[in-house]
Amino acid sequence: MELEMINLSKRFKKKEAVKCVNAHLTPGVWGLLGANGAGKTTMMRMMAGIMEPSHGQVTFCGKDIRNNSQYRSVFGFLPQEIQFSKDLTVSDYLNYIAALKDVPHDVTKKRINNLLSVLTLEDVRNKKIVKLSGGMKRRVGIAQAMLNDPSVLILDEPTAGLDPGERIRFRNFLAATSADKIIILSTHIVSDIEDIADHVMIMKDGELNRIVDSDEYDDLEQLYISIFMEEATK
Amino acid sequence: MRLYVQELKRILKSTRARVVIILAIFLPMLMAVLASEFNDADYLDSNGDKVYLHGTAALSMIKESSSAGNGEATVEQLKNALRTYQSLYEETGIDPIGGDFPLERYWQDVKPIASRLRLITQTYSKVNEPFDLRTISVDSLDSFYDDTEKKLTSVMESDQILRDPAMIAKAQQLFHKVNIPFYISHGYTRDAFDYIEFAVLILVILSAVLAAPVFSERYSSGEDSILRCTVCGRSKLVITTILAELTVVTVTYFIGIGLHLLISDKIFGIETLKESVQSLYTVYSLPNMNLLELQIVLAFSGWLCCMAVTTMSLCISAKATETSTSMVLSLIMVILPTLLYSISGGANWLLALFPSASVGLSNNMLMSLVDLRFLMLGSTAVWYPTVLVSTAIVEFLLFAFISHIMYAKHQVTK
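Heads up: the sequence lines are chains G and F, in that order.
Basically my numbering = 1-based index in the first sequence + 1333.
Basically my numbering = 1-based index in the second sequence + 328.
Same shape as in the complex, but just chain G (with noise of 0.2 Å):
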């Protein structure tokens, strides 16, 4: 199983959003690190395939992942701003999403429990979601992402507006579930990524500065920071 980006750019009017992006994802938990503005909510879109690359291609196992039912059918997406439905409850929301993601009837109320339990939702199973706190919201987008048991997940921010007991406890069931999957975990704050991720993608300004393995790096948030020191003193 395979990700691939290949020379994927993105243009808006005069901003070159991404610029010729190439990259070879496989199964393990990727980062994707860059200060905001970098382009990584623009490359998540080309890759969830909800956003037309202005040249290039997202590729699942060598084939273009648009109009690839096989690539939805395996992919789970958490945009970074969502606001839900006003008048659905957590259960109705998550059985309708079950539906869309044609996960199997007799299936859906085991997993629609189990994420519940696992992102500590039960209780509130029954709650409007835009009665819920941020965190809790959060938690309800990433059990939505998960509903299909995604071979491939983009989670974008996922752990804003969680608290550090929420943000532990996300990277626990993250670390727990990214066996066999390609996991690409976007964030600006690297601590949210580097316990986990056993890649890192850095961003900026619209290219791919770097991808190193999590055995290349003894601190990342140095590494990270060194980066963009480099650029300012060139």
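These are computed hints drawn from the structure, not numbers from a lab.
Treat the hints loosely; a few may be bogus.
[Said to hold, decoys possible] In the SDA-like style, the derived pairs of lysine to any residue whose C-alpha atoms are separated by at most 20 Å in a straight line are:
id: 1; chain 1: G; residue 1: 1461; chain 2: F; residue 2: 549
id: 2; chain 1: F; residue 1: 337; chain 2: F; residue 2: 583
id: 3; chain 1: G; residue 1: 1537; chain 2: G; residue 2: 1396
id: 4; chain 1: G; residue 1: 1396; chain 2: G; residue 2: 1385
id: 5; chain 1: F; residue 1: 737; chain 2: G; residue 2: 1387
id: 6; chain 1: F; residue 1: 564; chain 2: G; residue 2: 1435
id: 7; chain 1: G; residue 1: 1461; chain 2: F; residue 2: 337
id: 8; chain 1: G; residue 1: 1419; chain 2: F; residue 2: 651
id: 9; chain 1: F; residue 1: 341; chain 2: G; residue 2: 1387
id: 10; chain 1: F; residue 1: 564; chain 2: G; residue 2: 1403
id: 11; chain 1: F; residue 1: 337; chain 2: G; residue 2: 1458
id: 12; chain 1: G; residue 1: 1347; chain 2: F; residue 2: 740
id: 13; chain 1: F; residue 1: 564; chain 2: G; residue 2: 1402
id: 14; chain 1: F; residue 1: 737; chain 2: G; residue 2: 1390
id: 15; chain 1: F; residue 1: 337; chain 2: G; residue 2: 1425
id: 16; chain 1: G; residue 1: 1470; chain 2: F; residue 2: 555
id: 17; chain 1: F; residue 1: 337; chain 2: G; residue 2: 1424
[Unchecked claim] If you want the ones that stay clear, here's a sample from chain G, every Cβ over 12 Å from chain F, calculated:
id: 18; residue: 1369
id: 19; residue: 1370
id: 20; residue: 1434
id: 21; residue: 1443
id: 22; residue: 1456
id: 23; residue: 1465
id: 24; residue: 1498
id: 25; residue: 1501
id: 26; residue: 1502
id: 27; residue: 1510
id: 28; residue: 1555
id: 29; residue: 1560
[Stated by the list, open to error] Partner residues aside, some chain G positions facing chain F, computed with beta carbon under 10 Å:
id: 30; residue: 1360
id: 31; residue: 1415
id: 32; residue: 1418
Beta carbons: idealized from backbone N, C-alpha and C, even for Gly.
Got chain G sorted already, so can you dock chain F onto it with the hints?
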């Protein structure tokens, strides 16, 4: 099927849909009750004092007094009505259908024949000329039903637009199909039928309110990003969403209009639905229908309009990224034909192309049926109601297809 059920649940759980459904049930019922409020009657009581009746009480009195005149408007009965009128005029020296005729005798002798007298007046009166029923000889009514067709032709010939020979030929062709003799069954009023069209207009507006935010709300909330990258989140989702919206609109519409008609028929009397359209409106009206059939046609054409407006609103919603934009544009599109009709002063092809062309104040399906309205397609005259129904069907399917394309092409930006 599972996604369809989930989509239905999603719609029905939304506050907006619940409010719309409640309004779609309540407002048409209110319209039906209001329609009965337009009946007035007055009579002299045992002390000789004038008593004024209003609403259903007036309606009961009108129905009771007129019941003797219910039945087919045969030539013989028309002659009898004219004879009665002329003898009453001769006896009293007062016009029996004028305001000065003694009330008691009016209710007893004139009211049962009033509809027949109206049919005679409509057939033999000239445009913009005062008409006196005393000038008609009873024997001239032998050719009454032939004369109604002549009246149709003369009305069309005196109109700037309708005088086209193709339109006249088409009108005559339609009029030949009208069942004669006309049937009279007193009770239903034109106001009540206007209120059916008001109810349809309200239901069409509500269907636009229901459908307009569907896709744009998903875009503006960012939820579209999640839905779009699921395995059923594209073609299947948009088709299912359209079907679910159409289901909710259809069920809501038929409950709303059904309750309206039930209440209305209960108030005005089911037996009065046997009346010919020509008896209630004009002798040269073209639909070969009784009032029950007219109600059914109005209800179904209103439903087609709802379908077309729903898919049009979904189409706008699939393009607009803001809910408010989608809502405002959809409502403008619903109301625009009424404004255009007032400006243009009549039916035209541009107007007919709007999905909501058959709903409005004077541009509605009822008026298109009972008035003489035609459009020219090359050298062929087309009856306007058939144009309205045909364009609604085509637009319903076309907008559903375009919605699908627009949703598929949408690029996530938020």
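Quiz item: Okay, which hints does this one fail, numbers in order?
Solution: Violated: hints 3, 9, 20, 30.
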